[in-house]
Amino acid sequence: MNMRHHLWISGILTFLLFSPAPGLVRSVPGASPMTEDDLQAQTKAVSQTLRCAVCQSESVWESGAELAVQMREIIRERLIKGETPDEIRAYFVSRYGDFILLKPRTFGLNWLLWAGPFVMLLIGMILLALNIRKWTVLTAASPSPAESPEISEEERRRIEQEIHSFKN
Amino acid sequence: MKNEKGMVRGWHILLLAGISGLLFLFYQGLWGNPSYIPPVLVGTPAPRFEAPDLYKGVPVTLDQFKGKVVVLNFWASWCQECKLEHESLLALNRQYGQNPGFVMLGVNYQDKESLAKEYLNTFGNNFQHIIDLNGRISIDYGVYGVPETFVIDQSGVIRHKEIGPIIGETYDRFTHRILEPLLINQPVSP
Chain A
1 MNMRHHLWIS GILTFLLFSP APGLVRSVPG ASPMTEDDLQ AQTKAVSQTL
51 RCAVCQSESV WESGAELAVQ MREIIRERLI KGETPDEIRA YFVSRYGDFI
101 LLKPRTFGLN WLLWAGPFVM LLIGMILLAL NIRKWTVLTA ASPSPAESPE
151 ISEEERRRIE QEIHSFKN
Chain B
1001 MKNEKGMVRG WHILLLAGIS GLLFLFYQGL WGNPSYIPPV LVGTPAPRFE
1051 APDLYKGVPV TLDQFKGKVV VLNFWASWCQ ECKLEHESLL ALNRQYGQNP
1101 GFVMLGVNYQ DKESLAKEYL NTFGNNFQHI IDLNGRISID YGVYGVPETF
1151 VIDQSGVIRH KEIGPIIGET YDRFTHRILE PLLINQPVSP
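Going down the list, the protein sequences come from chains A and B.
For the first sequence, position 7 (counting from the first letter as 1) is numbered 7 according to our numbering, and the numbering increases by one without interruption.
Start counting at 1 in the second sequence, then tack on 1000, and there's your number in our numbering.
Some hints could be false.
[To be verified] SDA-like mimics (lysine to any residue), calculated; alpha carbons at most 20 angstroms apart, straight line:
1) Lys103(A) <-> Cys55(A)
2) Lys1112(B) <-> Ala65(A)
3) Lys81(A) <-> Arg1009(B)
4) Lys103(A) <-> Lys81(A)
5) Lys134(A) <-> Ile1013(B)
6) Lys1161(B) <-> Asn1121(B)
7) Lys134(A) <-> Lys1117(B)
8) Lys1117(B) <-> Arg1048(B)
9) Lys1112(B) <-> Pro1052(B)
10) Lys1161(B) <-> Lys103(A)
11) Lys1112(B) <-> Asp98(A)
Derived from the structure by calculation, the hints contain no laboratory data.
In this text the structure is predicted, and so the values were computed from the model without any measurement.
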């Protein structure tokens, strides 16, 4: 075996050593390898949470717009580099603002969007409970017909007059 | 009983205040411009880039313009509003292009090289253009439509973003309140 053969064999061995196994696409030190299917699934998951900036209520995953295609490529590349979905979303938010997220984050005034309906429901329930309690107390406090005091002669006369005028 | 009445009244006031607050937010939202997206990059360092020159193909970087006020205009040959502002952009470069501290750079966005060149041949050109090959520059700058124009100061910080064509009153505001103060190192008032 001459020097040339040695070089060929060492070259092939080096290639085999550093090339990723078939179907594995992530080669970041310390990171677990990711299959093409995993990568596709993660790209889909991230791009489904991002808004296509040039479309009407479509996610980056659903849209066929060129911008959405380019954004999907970026997501894929960043996943291969080892970035987490949150880091990728943070990148797009740093460029486009919260607008790019299909699901608003729960901070600042945004919490109103999330908590508002529940707070209003709670206030409504408390008010209802207070009113029910008030009605119950009033009903309990009002005297029953049996306990009601006798009406005066004058009142009786007025009632009879009213009934009489109603009949005529 | 009196306490209970006071409590109910307190809740009513709170509920009224809540509903008023919500109505105010709805009012704000309804009367605002629904297509306006607040720019998040203003005041932050301009993303660096390297892209080929439209004509010469040589790489152009943002770093090579450090120390100058850079007007970065994103455009496309298919964009009608870009045609509207094209004459203004040429006028802008005629007005400030002689200033050694000023540079204008066009970024061709989601376009074909041949169509971009044809567009410039038809409508005229007096400044440099680069091609955003895979949309990376546009996405790095948070561009979601064209035309969009960024003003980058001498230290590489984005000082202004203009969405839509720079024409008429916008041109006057852009030049007098943004470019000119920056060129003499004064604060801008967009």
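Hints and how they fare:
For the hint linking Lys103(A) to Cys55(A), the alpha-carbon distance of about 16 angstroms falls within 20 angstroms, and the restraint holds. With a C-alpha separation of about 16 angstroms, the suggested pair Lys1112(B) and Ala65(A) falls inside the 20 angstroms cut-off, and the hint holds. For the hint pairing Lys81(A) with Arg1009(B), the CA-to-CA distance comes to about 59 angstroms; that exceeds 20 angstroms, so the pair is violated. Taken as a hint, the Lys103(A) and Lys81(A) pair is broken in the structure, with Cα atoms around 25 angstroms apart against an allowance of 20 angstroms.
As the CA atoms of Lys134(A) and Ile1013(B) are separated by approximately 18 angstroms, the hinted pair is consistent with the 20 angstroms bound. Between Lys1161(B) and Asn1121(B) the CA atoms are separated by roughly 27 angstroms; this puts the pair beyond 20 angstroms, and the hint is violated. Restraint check for Lys134(A) and Lys1117(B): the C-alpha separation of about 79 angstroms exceeds 20 angstroms, so the hint is violated. Note on Lys1117(B) and Arg1048(B): the hinted pairing is violated, with a Cα-Cα distance of about 25 angstroms set against a maximum of 20 angstroms.
Note on Lys1112(B) and Pro1052(B): the hinted pairing holds, with a Cα-Cα distance of about 14 angstroms set against a maximum of 20 angstroms. For the suggested pair Lys1161(B) and Lys103(A), the alpha carbons sit about 26 angstroms apart, so the restraint of at most 20 angstroms is broken. A C-alpha spacing of about 31 angstroms is found between Lys1112(B) and Asp98(A), which places the hinted pair above 20 angstroms, so the restraint is violated.
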